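K.L.:
So the chains spell out like this:
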Amino acid sequence: MINSAFIFIAVSIVLSLISFLLDREKTILGFKKGMKMFKGIAVPFLNILILVSLALYFIPQALIIKYLGAGSGIWGLTIAAVVGSITLIPGFISYPIAAALIKQGASYTTVATFMTTLMMVGVVTFPLEAKYLGKKVAALRNILNFIAAIIIGIIVGLFL
Amino acid sequence: MKKILAKHKQYVWLACYLTATVASFFFGFNPGKEIFGNFTKFFIEMVTFIPFLFIIIGLFDVWFPREKN
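Read top to bottom, the protein sequences are chains A and B. Under the working numbering, the first residue of the first sequence carries the number 30, and numbering increases by one thereafter. Under the working numbering, the first residue of the second sequence carries the number 28, and numbering increases by one thereafter.
Don't read these hints as lab results, they were simulated from the structure. Treat the hints with care, as some may be off.
What the hints assert, rightly or not - Non-contacting residues of chain A with respect to chain B, defined by C-beta distances greater than 10 angstroms in every case (computed):
1. Leu-50
2. Ser-101
3. Thr-116
4. Ala-129
5. Phe-155
6. Tyr-161
7. Ala-167
8. Asn-171
9. Ile-176
10. Ile-183
11. Leu-187
12. Phe-188
Stated by the list, open to error - Calculated cross-link-like contacts (lysine-lysine; reagent style DSS-like; alpha-carbon spacing at most 30 angstroms):
13. B:Lys-36 - A:Lys-68
14. B:Lys-34 - A:Lys-65
15. A:Lys-55 - A:Lys-68
16. A:Lys-65 - B:Lys-36
17. B:Lys-68 - B:Lys-36
18. A:Lys-65 - B:Lys-29
19. A:Lys-62 - B:Lys-60
20. A:Lys-68 - A:Lys-132
21. A:Lys-95 - A:Lys-132
22. A:Lys-68 - B:Lys-29
What the hints assert, rightly or not - Stretch by stretch, here's where chain B covers chain A in the computed footprint (C-beta under 8 angstroms, at least three residues):
23. 43-49
24. 82-96
25. 104-115
26. 143-150
Fair warning: this is a prediction, and the values are worked out from it, not measured in the lab. Every residue gets a Cβ at the ideal spot worked out from N, C-alpha and C, and that includes glycine.
So here's chain B without its partners, still in its complex pose (with noise of 0.2 angstroms):
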């Protein structure tokens, strides 16, 4: 058990998020609902352009290699 909670301990706080914005939903909590708010907010602005700013890391990354040492 501590061995599955250590491996997927970065998912723990995801997880327990996603249970109380539902929980939010389902019983009507507001202050749940207003922080999912602000999340998708910023969840969408980033979503947006950081899956293409790793794709233009990767390609710098390929074109111009990191010197070896």
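Same shape as in the complex, but just chain A (with noise of 0.2 angstroms):
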């Protein structure tokens, strides 16, 4: 983790440096442009930590493993893949989500299910989608996603 962090600040400081190099303004106006989202997310962000750390405590890790874990079978994916379908996460902030469940011991089958049907399939923003597409588009939209968040969970699984 650690290093990768790493990888990732070494990257961003030396492209950083180009952009600097090749236009000062162009850079610094990118970097009240991030700076300025980092600020709007960054309390969300907090309260989504927050919330994750305490349903890290209470839920006890057998009921993750139970529901979520390698023997959770069907009902687990059923579960990821609903929840996911209906919860409304900002990508970024669902990896924490992710990594924390992993750890406690929900299987990558469930979790890669979960994550796709989060980023794939809005249920809460349906009637928003079938404004702009039609209702026929989003319907078709969403739930070819659900079935291929699915798939791709059980692929995930037969790797990991």
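Combine the two chains into a complex, taking the hints into account.
P.N.:
Shown next, in the form of structure tokens:
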């Protein structure tokens, strides 16, 4: 974890330097833009972290293993897919949640399915999607993605 | 009062948690300490790369502007 963070930091520093040498003003503008976005997301993000650490304490490991672990089978997949379809969480906030779930004994199959439906299937945002794309397209897209997410989960499980 | 609360709504949860954590350490309440341990672990992991992530996003936004309709 620390190593990959170091690589990432090094890459971003190098990119920033190149950008700075090419165009000083653009780079500063980019920094400002990035930090503005960071400020916008910081508090909701901290709130999610608090929620995850609370959940980690209160939900016993045995429960997670039973319902989302390797032996949970079709029910684990169903729970993961349905919960992922309903909840509305930005992509990169889902990573710490996924890591916590795996640490607590959830299988890669269920976590992969959860993350995929989280991003590709939106029940709550369906009316909005239907407004822009039409009901037929939105329904078809969501249903196909739901099925795809389960297949992705199973394939991930086969490899890991 | 309502207005102030609505404006700082997103900080309420954070403030509650901080108060509870400080209280946990003050009174030696173990679950609170453990939850704080979980939180710090996540927080350190995240804080090491998320600011840099946003720097890259910002740079990307400047160099490759989104198409304007």
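K.L.:
Which of the listed hints are broken here?
P.N.:
When the structure is compared with the hints, numbers 4, 19, 25 and 26 turn out to be violated.
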